[in-house]
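Undergrad: Sequence:
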Amino acid sequence: MKIKHIDFDGLKALEVLTSKIKMIVVTSKGPRISYFGKKYGENLLYWQNNDIGRKGWRLLGGHRVWITRPGADESEDTYAADNEPCDINITNSKITITGRPHPFLHVSRGIEITAVNEEVFSIRSFLTNNGPMLYSGGVWAPTCTNPAGGKEYGIPLGDRNKSWDVIKIVIPRAFAGHTSRINDPQVSFNEDFMIVNPQGIETKRMVMAPMGIIAMTYPQKGISFLKLSHFNPIGQYPIGCNLAIYIAPDNLMVEMETYGAENTVLPGKSIYNQEYWALVDRVFDWKDPTEMKEIFAEKKILETDIE
Numbered sequence: 028m029k030i031k032h033i034d035f036d037g038l039k040a041l042e043v044l045t046s047k048i049k050m051i052v053v054t055s056k057g058p059r060i061s062y063f064g065k066k067y068g069e070n071l072l073y074w075q076n077n078d079i080g081r082k083g084w085r086l087l088g089g090h091r092v093w094i095t096r097p098g099a100d101e102s103e104d105t106y107a108a109d110n111e112p113c114d115i116n117i118t119n120s121k122i123t124i125t126g127r128p129h130p131f132l133h134v135s136r137g138i139e140i141t142a143v144n145e146e147v148f149s150i151r152s153f154l155t156n157n158g159p160m161l162y163s164g165g166v167w168a169p170t171c172t173n174p175a176g177g178k179e180y181g182i183p184l185g186d187r188n189k190s191w192d193v194i195k196i197v198i199p200r201a202f203a204g205h206t207s208r209i210n211d212p213q214v215s216f217n218e219d220f221m222i223v224n225p226q227g228i229e230t231k232r233m234v235m236a237p238m239g240i241i242a243m244t245y246p247q248k249g250i251s252f253l254k255l256s257h258f259n260p261i262g263q264y265p266i267g268c269n270l271a272i273y274i275a276p277d278n279l280m281v282e283m284e285t286y287g288a289e290n291t292v293l294p295g296k297s298i299y300n301q302e303y304w305a306l307v308d309r310v311f312d313w314k315d316p317t318e319m320k321e322i323f324a325e326k327k328i329l330e331t332d333i334e
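For this note's numbering, count along the sequence shown from 1 and bump the result up by 27.
Simulated from the structure, these hints should not be mistaken for laboratory data.
Please note: incorrect hints may appear among the correct ones.
[Stated by the list, open to error] Derived DEER-like restraints, expressed as beta-carbon distance ranges:
id, residue 1, residue 2, range
1, Q226, D312, 41 to 49 Å
2, P159, D114, 18 to 26 Å
3, G68, G227, 22 to 30 Å
4, I198, P112, 37 to 45 Å
5, I261, S149, 18 to 26 Å
6, I261, E318, 26 to 34 Å
7, F216, T118, 39 to 47 Å
8, D34, K66, 14 to 22 Å
9, N119, N217, 38 to 46 Å
10, N188, D34, 41 to 49 Å
11, G68, N144, 12 to 20 Å
[Claimed, not checked] In silico SDA-like links for lysine to any residue, alpha-carbon gap of 20 Å or less:
id, residue 1, residue 2
12, K47, K248
13, K66, V307
14, K65, I194
15, K66, G176
16, K65, S207
17, K47, G249
18, K296, T125
19, K248, N224
20, K195, N217
21, K248, V310
22, K121, V143
23, K189, E218
24, K47, N119
25, K49, R309
26, K31, E42
27, K29, T45
28, K195, S207
29, K121, A142
30, K195, P260
31, K31, T118
32, K320, V310
33, K47, R309
34, K248, S46
35, K296, R127
36, K195, D219
37, K29, R127
38, K49, M28
39, K47, Y67
40, K195, G176
Quick reminder that beta carbons are idealized off the backbone N, C-alpha and C, glycines included.
Full structure from sequences and hints, please.
TA: See below:
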């Protein structure tokens, strides 16, 4: 993993390279990952350095760290502004980017980045309680992607290794000024996947997905981007779901979202949402979830970590 300081879209940033992948992490506004793609390819993330947002919060895009609260998966805490310069800690094997503590909540958000190998990164989003009182919540890790070029998205459903296999899909029909259609032509199902083909209609689907995998496949380029986030079967998640896909109006972006289990955070302690990002030279036809699990097993992420 090679790291260097750069300017990206008028912002201070770190460029992170392996032999196959390029990642850019913005440090003057964040923490955010603003670029992820092949070393000499296009950015798979949505990114616009503009003023779209609400109050002090700005969309911008990329991968960021949000907060869920028990009983309120979207709250003012979620959209607390994260536009200040970050603290940076770089070692030989890890980058840690930490945002400024909130002036009232006394919590800070950050991202730890480690290259597992040339095609897989460990992305560990975290929340730290810097205050003297208790805090409670979970780490919500939305990754804003660019759906242009015929990209498709999917989530493996259920767990065929279990004798009791329940599929849970939640449709937020109205939320924070947004809407979802119930009968949506963009969303389809087979026996093993929820499949999303963005057509510019705003919608969101939340899923309880024990495999913890959410994927984008890009047939035009012959590549796929997968995120794995551990699922805790006894954890408390927003509306009981650990993954979600959101399509913004007019295909502005598609969010690949993972939720960490909600916990009480003691003073001076942190909670985490551990993700693994893989970018591989293959296209998925949404038939066999085993193919996706094998990618992470092949990339030296232990099978026990993805069960």
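Undergrad: If a hint holds in the structure, say so; if it doesn't, say that too.
TA: Here is how each hint holds up against the structure:
no., hint, in the structure
1, Q226 x D312: 41 to 49 Å, "violated, 19 Å"
2, P159 x D114: 18 to 26 Å, "holds, 21 Å"
3, G68 x G227: 22 to 30 Å, "holds, 24 Å"
4, I198 x P112: 37 to 45 Å, "holds, 39 Å"
5, I261 x S149: 18 to 26 Å, "holds, 24 Å"
6, I261 x E318: 26 to 34 Å, "holds, 28 Å"
7, F216 x T118: 39 to 47 Å, "holds, 44 Å"
8, D34 x K66: 14 to 22 Å, "holds, 19 Å"
9, N119 x N217: 38 to 46 Å, "holds, 44 Å"
10, N188 x D34: 41 to 49 Å, "holds, 48 Å"
11, G68 x N144: 12 to 20 Å, "holds, 18 Å"
12, K47 x K248, "holds, 14 Å"
13, K66 x V307, "holds, 12 Å"
14, K65 x I194, "violated, 34 Å"
15, K66 x G176, "holds, 19 Å"
16, K65 x S207, "violated, 32 Å"
17, K47 x G249, "holds, 14 Å"
18, K296 x T125, "holds, 14 Å"
19, K248 x N224, "holds, 16 Å"
20, K195 x N217, "holds, 14 Å"
21, K248 x V310, "holds, 9 Å"
22, K121 x V143, "holds, 10 Å"
23, K189 x E218, "holds, 15 Å"
24, K47 x N119, "holds, 19 Å"
25, K49 x R309, "holds, 18 Å"
26, K31 x E42, "holds, 5 Å"
27, K29 x T45, "holds, 6 Å"
28, K195 x S207, "holds, 17 Å"
29, K121 x A142, "holds, 8 Å"
30, K195 x P260, "holds, 13 Å"
31, K31 x T118, "holds, 12 Å"
32, K320 x V310, "holds, 14 Å"
33, K47 x R309, "holds, 14 Å"
34, K248 x S46, "holds, 18 Å"
35, K296 x R127, "holds, 16 Å"
36, K195 x D219, "holds, 13 Å"
37, K29 x R127, "violated, 26 Å"
38, K49 x M28, "holds, 10 Å"
39, K47 x Y67, "holds, 8 Å"
40, K195 x G176, "violated, 30 Å"
In summary, the numbered hints that this structure violates are 1, 14, 16, 37, 40.
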